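Protein chains: 2
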Amino acid sequence: MENIVQIAETFSELQGEICRQIENADGKEKFSSDKWEKEIGNGLTRVIQKGNVIEKGAVNFSFVRGKFSDRMENILGEKANNYAATGISSILHSGNPWVPTIHLNVRYFALDNKVSWFGGGIDLTPSIIVPEEAAWFHRNIKDICDRFHPGFYPDFKKWADDYYFLPHRNETRGIGGIFFDRLKPCEKYEFETLMGFVVDQAKAYPLIYAELMKNNTKPYTEKEKRWQALRRGRYVEFNLVNDRGTKFGLESNGNTESILVSLPATAAWEYDFKAEPGSFEEKTMQLLKKEIDWIGFQAK
Amino acid sequence: MENIVQIAETFSELQGEICRQIENADGKEKFSSDKWEKEIGNGLTRVIQKGNVIEKGAVNFSFVRGKFSDRMENILGEKANNYAATGISSILHSGNPWVPTIHLNVRYFALDNKVSWFGGGIDLTPSIIVPEEAAWFHRNIKDICDRFHPGFYPDFKKWADDYYFLPHRNETRGIGGIFFDRLKPCEKYEFETLMGFVVDQAKAYPLIYAELMKNNTKPYTEKEKRWQALRRGRYVEFNLVNDRGTKFGLESNGNTESILVSLPATAAWEYDFKAEPGSFEEKTMQLLKKEIDWIGFQAK
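If you read the sequences in order, they're chains E and G.
Residue numbering for the first sequence follows this note's numbering, beginning at -2 and increasing consecutively.
Residue numbering for the second sequence follows this note's numbering, beginning at -2 and increasing consecutively.
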């Protein structure tokens, strides 16, 4: 567990770097900084609101440690006395419906029995799916993965499809990306490989999003804005009903404002909304599915 | 279980009566009617949107039956082969922040081993709490309760305080009302008493709300409207994170659009909103607590 202090320092620096780059791309607002310290550990919640591009966004860092409880033992199937965990978690919501919502998480979890693992991923949730853009996003993510292991992209892309899914809607949250957990250093990949993998994700995150933020110059209609509000309603549903991290945070008496900063500034619900045949809404709905091969996607 | 068909008929008629009265009070929009039929049973979802007073509201009726599963046995601590259940569930959200959100549920659950019970209640969620109005609401609810049993109001008022509570916010959802469940006919109260109790709630519901809808003539500011949006965010949190009915409905593969019609048309989240000292927002926050004696409330 000793090296976790160093990993936490790296994550903390990456948090600052992400915020600097997003501030530059936004060009208007800066991230606030709320340090918190509890018995369990400490963190830094950084929030940007009412920016030029970003309507509401957060980049959170935390470093916690504690007793490895019976409940954790049961869930994780590991035996230990103490644990420590550190990570960055970020969600950025834009005002313009043509700029997607993006999410990053990188985390490291260590037990005092020498077992440790990485988890995280990046995924994208456009209100209106533009296939060329979705393919571009997945190619970027695949490039990061391929630098470390040829199996990462196919495995973790599938994992994201399964995780970012709303069973009660039979829809994916967005176009996915990658999701992984319990990724332990082993003969297949050493600690350094995995650390490099998560660091590269944290470094690529603001660069990828800065590109997507350029869509902010694109004009939009009332209809597109209303659709964005409905899609944000789904984002809220996923985070409050399905997301294990949010559930765990709320149940374990975490910092509610830091956990729920992931929710959009506004969201809407309309009873039984039906997309018109051939509309942009219907086209997006048809792409909120698992197992779409975005890498093999060919523009028509 | 034979009489449940008759109870379902009564509930179905009460649903129609509630809708008629709310339509009259709204004066603009009518409730739509969506019949649904599944293997499990049938229902009628009635929704009103963009009314003069009601921005979004629903009055749902359902009558379902099926095998009494092991899971239900464990949760309910009863042994039986089959169950049947019927009920009305309603939530009405207004556009004007001075008109509260109201909620009614009445339900009857019967097992084929002759065990059966009632559940339900009425509760109120104002965006801005006006103490005189809250006291008036509670007196109305107490009057209904007292007609049937002197213990109903104190017991079920406490139950509502405990149920309509967001632990992660340490706030009640609104000013409460009554909540009860597993209320079985017994020597203390016969079936007829309990049936009368829930019928009277369903009859009083539109009358009480028609009174509150009169607040719609009251002008409001941008600040009050924004506060309403934040309070609606809490309503969404409660329904998606804490409400057992919603959770059960979504997990048991229920009709998602009918279940989530309870969500407001719009909601908002702002990071770490702090009410200014002495503001109406702060005064409302101070009243979002359990164990407030609204009956003993004296206007200053």
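One thing to keep in mind: the hints can contain errors.
Since the list can't tell identical chains apart, any single copy or any two copies may satisfy a pair.
[What the hints assert, rightly or not] Taking lysine to aspartate or glutamate pairs in the EDC-like style, the calculated list, with each CA pair at most 16 Å apart, reads: (1) Lys271 x Asp31; (2) Lys185 x Asp290; (3) Lys32 x Asp269; (4) Lys64 x Glu129.
It is worth saying that the hints were derived from the structure and are not from the lab.
Remember, predicted model here, so these are calculated numbers, not experimental data.
Here's how the hints hold up against the structure:
{"no.": "1", "hint": "Lys271 x Asp31", "result": "between (42 Å within a copy, 14 Å between copies)"}
{"no.": "2", "hint": "Lys185 x Asp290", "result": "neither (26 Å within a copy, 65 Å between copies)"}
{"no.": "3", "hint": "Lys32 x Asp269", "result": "between (42 Å within a copy, 13 Å between copies)"}
{"no.": "4", "hint": "Lys64 x Glu129", "result": "neither (47 Å within a copy, 49 Å between copies)"}
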